[in-house]
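S.K.: What follows is the residue order along each chain.
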Amino acid sequence: MSIEYHEEDVPHVLAVDDNLIDRKLVEKLLKTSSCRVTTAENGLRALEYLGLKENQQQNHFNGKGTKVNMIITDYCMPGMTGYELLQKIKESSVLKDVPVVIMSSENIPNRINECLEKGAERFMLKPLKLSDVLKLRHQLIKCSTL
Amino acid sequence: MDAVSQLQRQFVEHATSLYREGYLDDQFTQLQKLQDESNPDFVVEVVTLFFEDSEKLLNNLATALQQESIDYKQVDAHVHQFKGSSSSIGAQRVKNVCVVFRNYCDEKNLDGCLVCLQQAKNEYLLVRNKLEALLNLEQQILQAGGSVPMIT
Numbered sequence: 001m002s003i004e005y006h007e008e009d010v011p012h013v014l015a016v017d018d019n020l021i022d023r024k025l026v027e028k029l030l031k032t033s034s035c036r037v038t039t040a041e042n043g044l045r046a047l048e049y050l051g052l053k054e055n056q057q058q059n060h061f062n063g064k065g066t067k068v069n070m071i072i073t074d075y076c077m078p079g080m081t082g083y084e085l086l087q088k089i090k091e092s093s094v095l096k097d098v099p100v101v102i103m104s105s106e107n108i109p110n111r112i113n114e115c116l117e118k119g120a121e122r123f124m125l126k127p128l129k130l131s132d133v134l135k136l137r138h139q140l141i142k143c144s145t146l
Numbered sequence: 001m002d003a004v005s006q007l008q009r010q011f012v013e014h015a016t017s018l019y020r021e022g023y024l025d026d027q028f029t030q031l032q033k034l035q036d037e038s039n040p041d042f043v044v045e046v047v048t049l050f051f052e053d054s055e056k057l058l059n060n061l062a063t064a065l066q067q068e069s070i071d072y073k074q075v076d077a078h079v080h081q082f083k084g085s086s087s088s089i090g091a092q093r094v095k096n097v098c099v100v101f102r103n104y105c106d107e108k109n110l111d112g113c114l115v116c117l118q119q120a121k122n123e124y125l126l127v128r129n130k131l132e133a134l135l136n137l138e139q140q141i142l143q144a145g146g147s148v149p150m151i152t
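For the protein sequence lines, the chains are A and B, in the order given. Residues in the first sequence are numbered consecutively from 1, following UniProt numbering. Residues in the second sequence are numbered consecutively from 1, following UniProt numbering.
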């Protein structure tokens, strides 16, 4: 039995990472897990895409008019950290319910707690493996059927 | 033994030795798992990006460490990037040098940093040569109509 994906059934994920190789990798991991992916190279670009940049009109459908089902972001980024990006998302009435996943190459308990307390869905250690992302994808399906 | 089998055996031997000698770790296997018919050049693409990115980073590091007044935060930022990308593609030995390198940055230890830069360069060149040889073998196998053995 084959599963047909309709536009709305495929989760759309925004992946944010300043490292080019990591961006390519997370994009592939998500696509292999049947997600549609948009990438951003830093927090500002991510906010722009989400329609959250200052002076941008807030609307339910961001940027290109496509809804985002999940945001996955690196923690250490120049300018705006993943934590700061998480904060901005949680402060937005429109986007606060979008699950945010934080990735980091460093296993620092304080950092992890800080992010989870701010409302991050998950904290994942880099480098990401396919099994990690497949698990995440499984959770996303649950989210979208709510 | 026909040409394809010979190439496949060479590939397995080469890949196995790379893992055994610590040049590559499991993360490289993860990359190979992501390659499929819809994206048959994925590994080559990522590895090529890594080569380009690494060469830029090594140049930036050399420049940063040549300054009269060294900005160790900047040096550390470059090493952090290098550590990240080498870790993501499974270039274990390069990543390990980066870990030590970052400690020297924290200590603002110039000599330590310079030694690490040299080591990082050496390890990078080694893994680059070995990966190029591996991917070359892969290409030959595919061109000869064979399939690439998966190393687990």
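FYI, nobody ran anything at the bench for these hints, they're computed from the structure. A couple of the hints might just be wrong.
Over the 12 Å line for every Cβ pair with chain B, so calculated as not near, a few chain A residues [to be verified]:
id	residue
1	20
2	22
3	31
4	51
5	67
6	74
7	106
8	112
9	121
10	122
11	131
12	139
Label pairs and their computed distance ranges (CB to CB) [said to hold, decoys possible]:
id	chain 1	residue 1	chain 2	residue 2	range
13	A	138	B	45	46 to 54 Å
14	B	51	A	53	33 to 41 Å
15	A	130	B	51	34 to 42 Å
16	A	31	B	51	47 to 55 Å
17	A	36	B	29	39 to 47 Å
18	A	108	B	26	16 to 24 Å
19	A	36	B	51	39 to 47 Å
20	B	2	A	107	45 to 53 Å
21	A	53	B	4	50 to 58 Å
22	B	16	A	78	20 to 28 Å
23	B	26	A	78	27 to 35 Å
24	A	78	B	111	44 to 52 Å
Where a beta carbon is used, it is the ideal one built from N, C-alpha and C, also for glycine.
S.K.: Look at each hint and say if it fits the structure.
M.R.: We went through each hint and held it up to the structure:
1. Distance check for residue 20 of chain A against chain B: the nearest CB is about 6 Å away, which does not clear 12 Å, and the non-interface claim fails.
2. Some Cβ of chain B comes within 12 Å of the Cβ of residue 22 of chain A; the nearest lies about 5 Å off, and the non-interface call is violated.
3. Distance check for residue 31 of chain A against chain B: the nearest CB is about 8 Å away, which does not clear 12 Å, and the non-interface claim fails.
4. With a least CB separation of 29 Å from chain B, residue 51 of chain A remains clear of the 12 Å interface cut-off, as annotated.
5. Here residue 67 of chain A stays apart from chain B, with its beta-carbon at least about 25 Å from theirs, past the 12 Å limit.
6. The Cβ of residue 74 of chain A does not lie farther than 12 Å from every Cβ of chain B; its closest approach is about 9 Å, which violates its non-interface assignment.
7. With 12 Å as the threshold on Cβ separation, the claim that residue 106 of chain A sits away from chain B is violated: the shortest Cβ distance comes to roughly 9 Å.
8. With a cut of 12 Å on Cβ distances, residue 112 of chain A stays outside the contact zone with chain B, its closest approach being about 18 Å.
9. With a least CB separation of 22 Å from chain B, residue 121 of chain A remains clear of the 12 Å interface cut-off, as annotated.
10. Interface exclusion of residue 122 of chain A from chain B stands, the closest Cβ pair being 19 Å apart, more than 12 Å.
11. Listed as a non-interface residue, residue 131 of chain A fails to keep its Cβ farther than 12 Å from every Cβ of chain B; the least gap is roughly 9 Å.
12. Consistency note on residue 139 of chain A: stated as away from chain B, and its beta-carbon is indeed over 12 Å from all of that chain's, at 20 Å minimum.
13. Judged by the Cβ atoms, the range 46 to 54 Å given for residue 138 of chain A and residue 45 of chain B is violated: they are separated by roughly 27 Å.
14. For the pair residue 51 of chain B and residue 53 of chain A, the supplied restraint of 33 to 41 Å holds, since their beta-carbon distance comes to about 34 Å.
15. With their beta carbons about 23 Å apart, residue 130 of chain A and residue 51 of chain B fall outside the hinted range of 34 to 42 Å.
16. Checked against the hint of 47 to 55 Å, the pair residue 31 of chain A and residue 51 of chain B fails, with Cβ atoms roughly 23 Å apart.
17. Evaluation of the 39 to 47 Å hint for residue 36 of chain A and residue 29 of chain B yields a failure: the beta carbon distance comes to about 26 Å.
18. Our hint of 16 to 24 Å for residue 108 of chain A and residue 26 of chain B holds, since their Cβ atoms are close to 23 Å apart.
19. Distance hint for residue 36 of chain A and residue 51 of chain B: a CB-CB separation of about 29 Å, inconsistent with the stated range 39 to 47 Å.
20. Take residue 2 of chain B and residue 107 of chain A: their Cβ atoms lie about 48 Å apart, and the range 45 to 53 Å holds.
21. A hinted range of 50 to 58 Å for the beta carbons of residue 53 of chain A and residue 4 of chain B is consistent with their spacing of about 55 Å.
22. Our hint of 20 to 28 Å for residue 16 of chain B and residue 78 of chain A is violated, since their Cβ atoms are close to 39 Å apart.
23. Range check, residue 26 of chain B to residue 78 of chain A: about 29 Å between beta-carbon atoms, so the 27 to 35 Å window is met.
24. In this structure, residue 78 of chain A and residue 111 of chain B break the distance hint of 44 to 52 Å, their C-beta atoms being roughly 28 Å apart.
The structure is inconsistent with the numbered hints 1, 2, 3, 6, 7, 11, 13, 15, 16, 17, 19, 22 and 24, although it conforms to all the rest.
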